[in-house]
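Trainee: Build the full structure now, drawing on both the sequences and the hints.
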Amino acid sequence: MNLFYKIIYVVTAVVFLTSCQDAKQKSNKDDILSGEVSVLVDESLLPIIIEQKEVFESSYYNAKVKLVSKPEVQAVNDLIKGDASIIILSRELTEVERKSFDERSVVPRIYSIAYDAVVMVSRAGQDTTIKTSDVIDLMTGRAVAGKSLVIDNPNSSVIRYFRELGKIDKIANTYIQVKGTADSILTTVAEGNNQIGIMSYNQYLSLQSSFTEKDKIRILSVLNDTLATPKYVKPTQASLSTGEYPLRREVKILNYQPHLGLGMGFSAFLTGDRGQRIVLKSGLLPAKMPGREIIVRDKIN
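Each residue of the sequence shown is one higher than the last, beginning at 1 in the working numbering.
In short, the hints are calculated from the structure, not lab data.
Do not take every clue at face value.
[Stated by the list, open to error] With beta-carbon atoms standing in for the labels, derived distance ranges: (1) Asn155 to Glu213: 26 to 32 Å; (2) Thr188 to Leu67: 22 to 28 Å; (3) Leu67 to Thr128: 33 to 39 Å; (4) Lys170 to Lys66: 32 to 38 Å.
[Said to hold, decoys possible] Think about it this way: if two alpha-carbon atoms lie no more than 27 Å apart in a straight line, the pair counts; the simulated DSSO-like pairs of lysine-lysine are: (5) Lys147 to Lys234; (6) Lys99 to Lys131; (7) Lys66 to Lys234.
Each residue gets a CB set at the ideal place from its N, CA and C atoms; glycine is no exception.
Mentor: The structure is reproduced here in structure tokens:
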């Protein structure tokens, strides 16, 4: 009888420990370099993040990053609702948006990934320059030399950027066309007249090489009147680096995971040497310029 109870005790203990281990594995489906994690992404930043995800997953076979691309407003709302704990934006959360996290004492890990920009595109053969004040006027319903704007979504971070810049409470649709996607913006501009497309530099760089009518479009230089000598500046890695291009924005990953999970590993990759080289190659400006390897030889052949 004694032996029987000993056997029951051992079996019960084993089952208990196994169930605890299973529960632990279910509660933490990921660690720094393995498992699965969902990442919300502002859709205007998606192209560069897709490149990063592909290289990351090919380097770490046990890691799976699911990118959920949405306009900025919807992406932030999904983060607050708890649909995901990680988000990539061109800003940090506002005080109101942070409230639910602050109440739970959730402190985010925030890292800078790259510098992007808001850009304007027009049909080749038309104006080569533009003022931000002209864009703000069109967004508030004021006519500007027969021009109109073409955007992808009124809830996008690009539109929010101009709303903050011009202190616009409500966007007027008088001189605005909504086309749904960035490639539709380029098509409309290429085929139209006096239309100005607005998108992220990241989207433009991603689309221009494959756009079949790329000879019909051009990126506009924007007036920077804060310089000692005001001038029109085109978006390039150089002008983003010096700050001369006036519509620069910083891309960040905001990690609200309560544990050190795959979000931390993905953040480390994005901000590390390999991730920053991907940013550099894309045409955007890395948050931290990757180093160059110099080989020193004892002998010269």
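Trainee: With reference to the structure, classify each hint as holding or not holding.
Mentor: Cross-check of the supplied hints:
1. Asn155 to Glu213: 26 to 32 Å: About 27 Å separates the Cβ atoms of asparagine 155 and glutamate 213, which means 26 to 32 Å holds.
2. Thr188 to Leu67: 22 to 28 Å: 26 Å, holds
3. Leu67 to Thr128: 33 to 39 Å: Distance hint for leucine 67, threonine 128 holds at roughly 35 Å.
4. Lys170 to Lys66: 32 to 38 Å: 35 Å, holds
5. Lys147 to Lys234: Measuring from Cα to Cα gives roughly 20 Å; hence the hint holds.
6. Lys99 to Lys131: It is violated: about 37 Å lies between the C-alpha atoms, which goes past 27 Å.
7. Lys66 to Lys234: 34 Å, violated
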